[in-house]
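Peer 1: Each chain, letter by letter, is given below.
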Amino acid sequence: PACIENKSLSYGAEFRRFSVDRVKPGKFEEFSRLIMHIHRIANMELMIGYADVHGDLLPINNDDNFCKAVSMAHPLLRIFIQRQEEVDYTSFGTNTLTRRKKAVVTMRNDVNRKRPHIRIGMPQDFRPVSSIIDVDILPESHRRVRLYRHGSDKPLGFYIRDGTSVRVTPHGLEKVPGIFISRMVPGGLAEGTGLLAVNDEVLEVNGIEVSGKSLDQVTDMMIANSHNLIVTVKPVNQRNNVVRSSRISGSSGQSSDSGGSTGYPSLSVGGGGGALSAGAGGVALESDEEADIVIESSVKRPSRRSNASVASAASTASPAPPSPPSRPPSVVSTASFHSQLSLNGSTNHQHHHHHLSYQLHRDLNLQNGPQTSNPALRHSNGSLHKILSSLRTDPRHSLALPRGGVEEDGTVITL
Amino acid sequence: MSLSPFFHASLPPSLSLPLSPSTCLSLPLPEHVSLSPFLHVSLSLPLPPRVSLSPPSSTCLSLLGVSLSQTVEHGFPHQPSALGYSPSLQLLAIGTRSGAIKLYGAPGVEFMGLHDENAVVTRVHFLPFQLELVTLLDDNSLHMWTLRAHKGVSELLEIGRFTLTGPPGAPPSVTRVTSVLAHSSGELLLLGTEGGHVFVVEVPGFRELEERNISLDQVANSVPEDYIGRRNLEHVETLQENPVDPNQVVIGYGRGLMVVWDLEKHQAVQHIPATQQLESTWWTEDGGHILSSHSDGSYCRWTVGGQSSKDEEEKSDIPYGHFPCKAISKIVQLPTEEGPPFLLFSGGMPRASYGDRHCISVIHGKTHVALDFTSRIIDYFVIRDGPLHTGDPGALVVLVEEELVVIDLQTEGWPVIQTPYLVPLHSSAITCSHHVSAIPLKLWERLLAAGQLQITHYSPKPWPITGGQNLGQDPPQRDLLLTGHEDGTVRFWDASGVCLYPMYKLSTAGVFHTDADPNDNMNQCSEGEWPPFRKVGCFDPYSDDPRLGVQKIHLCKYSGYLTVAGTAGQILVLELNDEAAEQTVEAKIVDLLQGQEGFRWKGHTRLDVREEPVLFPPGFQPFALVQCQPPAVVTALTLHSEWKMVAFGTSHGFGLYDYQQKNSVLVKCTLNPSDQLAMEGPLSRVKSIKKSLRQSFRRIRRSRVSANTKHSSNAELAEMELAPVQRKIEARSSEDSFTGLVRTLYFADTFLSDSSHNSASLWAGTNGGSVFAYMIRMPSVEHRADEPITAHPAKEIQLMHRAPVVAIVVLDGHGSPLPEPLEVAHDLARSPDMQASHQLLVVSEEQFKIFTLPKVSAKMKLKLTALDGSRVRRVGVAWFGSSRTADAGESGLVVLTNQGDLNVVSLPSVKMQVQHPCIRREDVSGIASCVFTKHGQGFYLISPSEFERFSLSARNVVEPRSLVEVPANATAASKRRAAPDGASADNGYTLRLSVMEHALLNDEREYRTVRRNVLDDVDEPPHSVMSCPHPAAVCDTTALSYAPIFMCS
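As you go down the protein sequences, you meet chains A and B in turn. Numbering-wise, the first sequence is residues 304 to 718 according to the working numbering. Numbering-wise, the second sequence is residues 606 to 1654 according to the working numbering.
One should not assume that every hint holds.
Unchecked claim - Mimicking DSS-like on lysine-lysine, the simulated pairs with C-alpha atoms at most 25 Å apart in a straight line are:
1. B/K1267 / B/K1193
2. A/K516 / B/K1267
3. B/K1193 / B/K971
4. B/K1047 / B/K1110
5. A/K516 / B/K1466
6. B/K1110 / B/K1066
Since the hints were made in silico from the structure, they are not lab data.
Work out the full structure: start from the sequences and follow the hints.
Peer 2: Following this line, the structure appears as structure tokens:
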């Protein structure tokens, strides 16, 4: 059984600890009912989320991500419960729980204000996988693509090669060596984005020009930056270039629009102090990359260490830490090693799911009419939200959340 | 608006990686080492200096004079192709296939030059009684080099080049040089060509003397009618001067005809009508006879100067006759004062039975020995006794492809004289190296004593090549370089000075049963064997058992404990003992898999340990042995002599061994259960030959394209087959292959649990970016021998970028690296600061990261790969002393990247200080072989047989400084050389940027010391210096000749 800690943030600091069988977590429906029972919530549409090892807040709304969540328990799994209509969906995703140092810039949602808002759906199943950035400063023939890798979700999945490119120089056209994308791995992140293609010329990696660098150097640079890879390419197909609206409307609106979706506004859920230490005790040093995982074991008490390693999944009795500084000693043991492996196993599953739903979402059209008063969109911005929310209407996914009449608001429930 | 699956966004300013302030690093020149234009080009790889990514920090490291100089090459030149010798200068010259020319005299006297052409040096000839030498390259160009004295130190300079030009329309063969004679006058060079002509050129200016040329027609017309080869004499094979009459030369043509030609009268004096294809000629010293050797293995003796025009073939012989023999490529005959002459010839072996031997036969009276060398003979010469080098033959110097062998011809049995330089480092292939600086005198002497006992079979005679004078100062400290070899030996080299001198050789093979019979190589020629072979030379690339190969070495210079780890997971702990001892070495088998199931080790088996006592000679004697299971190659090793523990790691895990109690303390399996490749073993013999051939070709191709990427796997190779030059872009995952391979191990006395109690700890870093820390609990000193040591896991760090961890260092409260074990106890290091908090430095291939201790949290980092795409290959901690004051200095990290760049990273601020290109990025083995010293120097292999030495430190530079002088027995030629140096030299070196030389030019301190010495020593007025001292006294009085130089300058 995995120990699950509950936090119903929206209702105030309200903790519950209970255990769930790690091996057979059961169905999401049952879990949802269990939560509602434990917290004595009734007739309310809930959004259930959890903190994963990377400190990201991720939703639980179907069997798959519920299984995944349980398998992530290490040994505690932190669950966040919010009322459906209060959920800010932009709060899901990378670094949402750990991004604290970075100043949050709340974006004016210019676009939303100007145009009638398009209600597409809820984004809870998705994290962004890619974006085109810096459109306002790059030549139109270039494209700067950012690929987001979340944990070991999905392979980046592309190959590069040496080649020659033709440059215009003062002396006329000149052939110079260049680096090109040579192959896409089917099902990989790069292919899935549709932003990179075979024979695109790679010009920069994370802001550093690749000219003069060997294929191996560029390979190493890309791998070293793989947690946050920004590739500037000259697409071989120049017909799909981004047409800059900023040329007409001025660049300020454009950049604020895009700026918002580059970084996610951090989760402003209240009382998240304890949540920071959730997951695997990752130390968040810098927000721009994944933090190293440090496991410190208490050497002073070897006996306790051995206990812990056996009961790592069953230690339900120990009280929850009130604040991050006094984190309980984490545990290093072979048992925890194995549990991480099972986690990896389920990753594939999850990954598949993401991929599937992703495809689905690409096929979607604007089937939602304009919607003006969705509280969930109050703090959201830009295309990120629109895209992510598009999936909300997909019945297969909305099934995940049982719909019920939500009437009560702000009730504090105590055990 | 279209629904696209991505977002349009702009990069926030914080993420746009700034490269704009790529500040140019202007290095302040230290006063000791200089980057004079001359020295700068003396780098064997004149790469442009690169700009550092970050500006120099405020630390004073850059003020301490960090600049790169490549100072000297140790070892044997790779692929030698020509040999020359100057009896008057007593200098030896070796040309190589890569166009290098190296001169050697007395130990420490070394010069090196490199031809621009990068072509094979086919001939090297010193001009008799001159400081000049001529080289011929295989592109048919001739080059004139000279040893020019500049500020008291000689340097090798190229002063001219020349290519023969034939008449217009003539085929190139007309001017293709096939033989060279440097005439004894020192003014003429005779060049025989493929077309059969002999061109006469005045040297050193290379002026063609057309009227003196000897054309083929002139010769052919005078050839007797009955000579069968008359129609086509072929090329000029040999040119030889009459030792008693400089006006006579013998021209030997390929077809066999020899013509004695008078240079004055410009006519043929005599024809010698040999009919066999000619290989070489030798004019005996009395001028009375010519010896000729031929392609059928015969040699003939002809009488010269007989009145009759018809010359008798006095004697003809095929020494190893009856059956067809190979050619005798060179023949030499030298008289002795009393007794029969020495006859030496190379080759001539019976083709069928011994055609593959590389032999030189020496015949003296009744003694006849066929010296059987280890590789192809390039050339040989004989050094003669006497002040004018005209006496009895003293030593035979033979250059073979892989070594230089010198044989004492005057001591009974003709023993080998041990060479003080040009030692074949690769007599068995080098598999690893380890450097230890500042060896205590005690250990040094014991090592020397142990080494002395090993060289009993060498000749007692001193080294016969004594040219030049070594002006280098005595090395400031005693340094040891240890090389591990494929055959299980560890060689100890004196690396303190310019000569890498062999001190001691340790063999680890004796501990194990090997297939080879130890007496295999011992069998000398049995009685009556013909030819009478005798094996000479030590080059022996064939390993009895590849499992014996030495992979890691760690020596504690204070305690004399040594640990050596090998290919089959064996770890030996050895102790220095001055007496021979017979003992059994007990093996402790350590299971690194720790019960991990589902694996099958497909590699080699463990080595068989001898169970009976083994007699170990004085020197390092093994007393403890650990054998890893599975017996994979040991990838990390460290020894703590104070705690008496050894830590070792393989691709499966690591272990800690207490060598006092001979007990295993800790075993940790780091293997990723899904990593099948780690199980197969790198030396897996299961693979088919076809497959391995295919892979090795692919590997060659890939290494040609670029430097290797670390994570090569079979899967990647399979992908290479589809598209050979593409690279996969994929983040590393925990499931990659060999993530569990242990890359580094480190002992530290530091704070693991809280900041008030320090304790012993072991740190391990893996290929997958993991760091494990164990706290070691040691019993009190009095119970050290009986109470067990325990180790408890304390910390585990997983670097998220998952790059291999290549080094771990703990920094003390001052930010300095912790001292080595016993260093403080011996008063040789400041004790570490245990008051302020310690820091942990983890160096991965991609980043340098500082963490706090005891609670591990990241504090600072320096990204390398993410910014410029280079990766850390080798890293060392070095002390950079100031060249001004003795105590000033600071520690820094010396880093070699896979791009071949040397970087210095400051500590503890991890800032990039200096970046120098050092090794070509394609030279993967050179980069992999690099070792750093503790004082900012380093060594790397520039070929399988040569170490290049470089220095980043201002204070520690080892390089040759020597002076060579005009020989004294000056003939008329020496008058011509009046103004050897001075102002002209200054112009010379700006013009000749390609020239390599080792001397320091503007080392002012050296210059002053030399001058002071000179002024003290010189009693005579300076002008007397121009008359040359007596040759026998050269070594004592050469200081005299500095005087005019200083007067010029």
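Peer 1: Each hint: holds or not?
Peer 2: We went through each hint and held it up to the structure:
Restraint check: the Cα-Cα separation between B/K1267 and B/K1193 comes to about 8 Å, which is no more than 25 Å; the hinted pair holds. Distance check on the hinted pair: A/K516 and B/K1267 sit about 51 Å apart at the alpha-carbon level, beyond 25 Å; violated. Under the criterion of a C-alpha separation no larger than 25 Å, the hint pairing B/K1193 with B/K971 is inconsistent with the structure, at around 57 Å. The suggested pairing of B/K1047 with B/K1110 holds, with an alpha-carbon distance near 18 Å, which does not exceed 25 Å.
Pair hint A/K516 plus B/K1466 holds up; C-alpha atoms about 24 Å apart against a cutoff of 25 Å. Proposed proximity of B/K1110 and B/K1066 is supported: the alpha carbons are some 22 Å apart, at most 25 Å.
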